[in-house]
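In the order they appear, the protein sequences are chains A and B.
Take the first sequence: its position 40, counting from 1, is numbered 40 in full-length UniProt numbering, and each next residue is one higher.
Take the second sequence: its position 34, counting from 1, is numbered 34 in full-length UniProt numbering, and each next residue is one higher.
What the hints contain is simulated information worked out from the structure, not anything from laboratory work.
Do not take every clue at face value.
As the list claims (entries may be wrong) - Straight-line Cα separation of at most 20 angstroms, DMTMM-like style, residue types lysine to aspartate or glutamate; simulated pairs: (1) B:LYS19 to A:GLU127; (2) A:LYS34 to A:ASP96; (3) B:LYS86 to B:GLU13; (4) B:LYS86 to B:GLU12; (5) B:LYS58 to A:GLU127; (6) B:LYS19 to A:GLU73; (7) B:LYS19 to A:GLU66; (8) B:LYS86 to B:ASP40; (9) B:LYS19 to A:GLU72; (10) B:LYS19 to B:GLU55; (11) A:LYS163 to B:ASP45; (12) B:LYS19 to B:ASP40; (13) A:LYS163 to B:GLU55; (14) B:LYS19 to A:ASP96; (15) B:LYS86 to B:ASP45; (16) B:LYS58 to B:ASP36; (17) B:LYS72 to B:ASP36; (18) B:LYS58 to B:ASP40.
Stated by the list, open to error - Example chain B residues on the side facing chain A (calculated, C-beta under 7 angstroms, incomplete): (19) GLY23; (20) VAL24; (21) LEU47; (22) LYS58; (23) GLY63.
Claimed, not checked - Facing chain B, from chain A, some residues (calculated, C-beta under 10 angstroms): (24) ALA31; (25) GLU72; (26) VAL77; (27) GLN125; (28) TYR142; (29) SER157; (30) ILE158.
Ideal placement from N, C-alpha and C gives every residue a C-beta, glycine not left out.
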Amino acid sequence: MSGRQRTNEGGRRAVVTGLGVVSPHGVGVEAHWKATADGTSSLGPVTREGCEAMPLRVAGEVRGFEAAETVEERYLVQTDRFTHFALSAAQFALDDARFGRADVESPYSVGVVTAAGSGGGEFGQRELQNLWGQGSRYVGPYQSIAWFYAASTGQVSIRNDFKGPCGVVAADEAGGLDALAHAALAVRGGTDTVVCGATEAPLAPYSIVCQLGYPELSRSAEPDRAYRPFTGAACGFAPAEGGAVLIVEDERAALERGADARATVAGHAATFTGAGRWAESREGLARAIRGALAEAGCRPEEVDVVFADALGVPEADRAEALALADALGAHAARVPVTAPKTGTGRAYCAAPVLDVATAVLAMEHGLIPPTPNVFEVDHELDLVTGRARPAEPRTALVLSRGLMGSNSALVLRRGGSAPAAN
Amino acid sequence: MTDQLAYQVTIEELAALMKRTAGVHVEPETLRAQADDGFDTFGLDSLGLLGIVAELEKRYGLGLPEQAERCKTPADFLALINGALKTGV
Chain A
1 MSGRQRTNEG GRRAVVTGLG VVSPHGVGVE AHWKATADGT SSLGPVTREG
51 CEAMPLRVAG EVRGFEAAET VEERYLVQTD RFTHFALSAA QFALDDARFG
101 RADVESPYSV GVVTAAGSGG GEFGQRELQN LWGQGSRYVG PYQSIAWFYA
151 ASTGQVSIRN DFKGPCGVVA ADEAGGLDAL AHAALAVRGG TDTVVCGATE
201 APLAPYSIVC QLGYPELSRS AEPDRAYRPF TGAACGFAPA EGGAVLIVED
251 ERAALERGAD ARATVAGHAA TFTGAGRWAE SREGLARAIR GALAEAGCRP
301 EEVDVVFADA LGVPEADRAE ALALADALGA HAARVPVTAP KTGTGRAYCA
351 APVLDVATAV LAMEHGLIPP TPNVFEVDHE LDLVTGRARP AEPRTALVLS
401 RGLMGSNSAL VLRRGGSAPA AN
Chain B
1 MTDQLAYQVT IEELAALMKR TAGVHVEPET LRAQADDGFD TFGLDSLGLL
51 GIVAELEKRY GLGLPEQAER CKTPADFLAL INGALKTGV
């Protein structure tokens with residue numbers, strides 16, 4: 001178990017103490033978990049302003065989100081919808097972790113790491129239209145910060161006065177898992193707390209046009225048929241907005257302030273196999289899984305649930321099933337696999353982070369959520385479909401691939417170093 | 001000289017601009033009473049002030065001095081802006 005030794009180097013463990021979610025299933029962890037556990041699909045027609053006539057017909061939109069309920073107006077004026085999601089989800093996560101001002105030993109003890117793949121498309125489009133429609137004087141100065149990938153990390157840091165290690169991972173969809181690995185690394189390296197996650201808002205006209213070139217994007221107009229990975233009816237993926245933010249803390253610091261270690265970020269690895277080369281992603285994903293298990297000191301048989309990438313492209317789905325077989329051996333056909341993202345759509349970098357939040361909840365609730373809209377599975381996988389399956393998962397493997405070729409795997413263990421209470 | 005009087009930016013207008021361009025809500029009376037405090041105490045950052053300068057330039061159809069966006073307090077800012085508007089620079 002040399003891998004586990006490595007994780008515990010210096011005696012610091014990165015644990016999850018809080019979750020914040022803004023998803024197509026709802027705003028807040030409770031609404032998200034309820035719909036996820038029920039196997040509900042929240043995919044629907046694209047209704048965001050200016051998007052109605054686009055050839056993208058089905059997506060996971062976040063509805064009923066009122067940023068102003070959580071975040072001060074001055075942050076909202078300066079930022080895009082993706083940062084509104086991030087600021088809100090970060091606040092939800094801090095509240096969930098019961099992490100308040102009094103817990104901040106020094107502003108330098110708290111960092112922020114987010115991943116982003118789409119940026120502030122809605123804000124950026126508005127300002128660029130002002131530029132070309134009216135002239136440069138009509139472009140607001142906040143354009144200089146609002147549409148960057150880095151905006152959410154910056155604004156979460158500024159709003160909360162967190163001055164510890166901050167960063168942004170721009171590494172394709174799988175970057176969402178890489179961001180959590182960065183957070184865990186910062187915690188092991190001496191930072192007490194890292195606010196970490198990803199949120200995306202790619203359902204704006206400019207952003208959708210950017211996605212229309214992806215051959216993997218589902219063009220289906222039927223919400224219950226648009227995103228059905230691992231089936232003979234797979235026709236691509238439905239995109240989504242929203243995401244999740246987690247509070248990753250040093251276990252000792254968490255215990256000292258009376259917070260529960262809900263899960264441990266135990267292992268991670270990432271590889272790159274090139275854009276759209278799905279057959280090659282088999283080897284890349286298998287290596288990422290092996291690397292993450294090795295870092296976690298985890299045998300394949302210990303994996304109790306897999307949250308699949310589940311792209312919904314036959315070649316990619318096949319590569320993922322084979323990667324699991326390559327990395328987990330015979331256990332790949334036995335371990336429950338789920339892809340609750342078929343009920344929300346894929347919010348790019350935020351998709352795997354939302355899966356991590358869902359995995360923590362699944363371990364806590366003793367319930368593996370199903371894969372909505374998926375019935376007959378074409379692969380040698382025990383995909384959980386229909387209803388949630390009662391189980392006692394203690395180790396979850398979360399997988400993610402990006403359209404540009406990144407592959408990442410993250411291993412989560414339930415609770416902290418002490419046995420978790422049931 | 002009456003048309004020049006119309007070119008004076010009041011504390012009320014500044015408060016309204018702060019709200020509209022930067023989302024910073026400060027009552028005009030508060031802004032008047034604390035006109036020598038830094039903009040940062042109200043939550044207005046340098047980009048917010050830049051946005052206000054741009055709004056005023058659009059409104060009056062002229063360029064304002066570069067120092068405008070570097071003013072630290074509402075009092076300094078209004079003095080500079082209104083001085084510039086008076087001379088029509």
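Here's how the hints hold up against the structure:
1. B:LYS19 to A:GLU127: 19 angstroms, holds
2. A:LYS34 to A:ASP96: 17 angstroms, holds
3. B:LYS86 to B:GLU13: 17 angstroms, holds
4. B:LYS86 to B:GLU12: Judged against 20 angstroms, a Cα distance of about 19 angstroms means the pair holds.
5. B:LYS58 to A:GLU127: 16 angstroms, holds
6. B:LYS19 to A:GLU73: With Cα atoms ~9 angstroms apart, LYS19 of chain B and GLU73 of chain A stay inside 20 angstroms; holds.
7. B:LYS19 to A:GLU66: Between LYS19 of chain B and GLU66 of chain A the Cα gap is close to 19 angstroms, so the pair holds against 20 angstroms.
8. B:LYS86 to B:ASP40: 27 angstroms, violated
9. B:LYS19 to A:GLU72: 12 angstroms, holds
10. B:LYS19 to B:GLU55: Satisfied, since the Cα-Cα distance of roughly 12 angstroms is no more than 20 angstroms.
11. A:LYS163 to B:ASP45: OK: LYS163 of chain A and ASP45 of chain B at ~17 angstroms, within 20 angstroms.
12. B:LYS19 to B:ASP40: Since the Cα atoms of LYS19 of chain B and ASP40 of chain B sit roughly 14 angstroms apart, the hinted pair holds (cutoff 20 angstroms).
13. A:LYS163 to B:GLU55: Roughly 32 angstroms separates the two Cα atoms, so the pair is violated.
14. B:LYS19 to A:ASP96: 31 angstroms, violated
15. B:LYS86 to B:ASP45: 26 angstroms, violated
16. B:LYS58 to B:ASP36: This hinted pair is violated, its Cα atoms lying about 26 angstroms apart.
17. B:LYS72 to B:ASP36: 9 angstroms, holds
18. B:LYS58 to B:ASP40: 24 angstroms, violated
19. GLY23: For GLY23 of chain B, the interface hint holds, since the closest Cβ of chain A sits about 3 angstroms away, which is under 7 angstroms.
20. VAL24: Because about 5 angstroms separates VAL24 of chain B from the closest Cβ in chain A, which is inside the 7 angstroms limit, the hint holds.
21. LEU47: With a minimum Cβ separation of about 4 angstroms from chain A (threshold 7 angstroms), the hint on LEU47 of chain B holds.
22. LYS58: Hint on LYS58 of chain B: holds, closest Cβ of chain A at ~5 angstroms, below 7 angstroms.
23. GLY63: 10 angstroms, violated
24. ALA31: Violated. Min distance 27 angstroms.
25. GLU72: 7 angstroms, holds
26. VAL77: Since chain B brings a Cβ to about 3 angstroms from VAL77 of chain A, closer than 10 angstroms, the hint holds.
27. GLN125: Hint violated; GLN125 of chain A Cβ to chain B Cβ min 18 angstroms, cut 10 angstroms.
28. TYR142: For TYR142 of chain A, the interface hint holds, since the closest Cβ of chain B sits about 6 angstroms away, which is under 10 angstroms.
29. SER157: 13 angstroms, violated
30. ILE158: 9 angstroms, holds
Hints 8, 13, 14, 15, 16, 18, 23, 24, 27 and 29, counting from the list given before, are not met by this structure.
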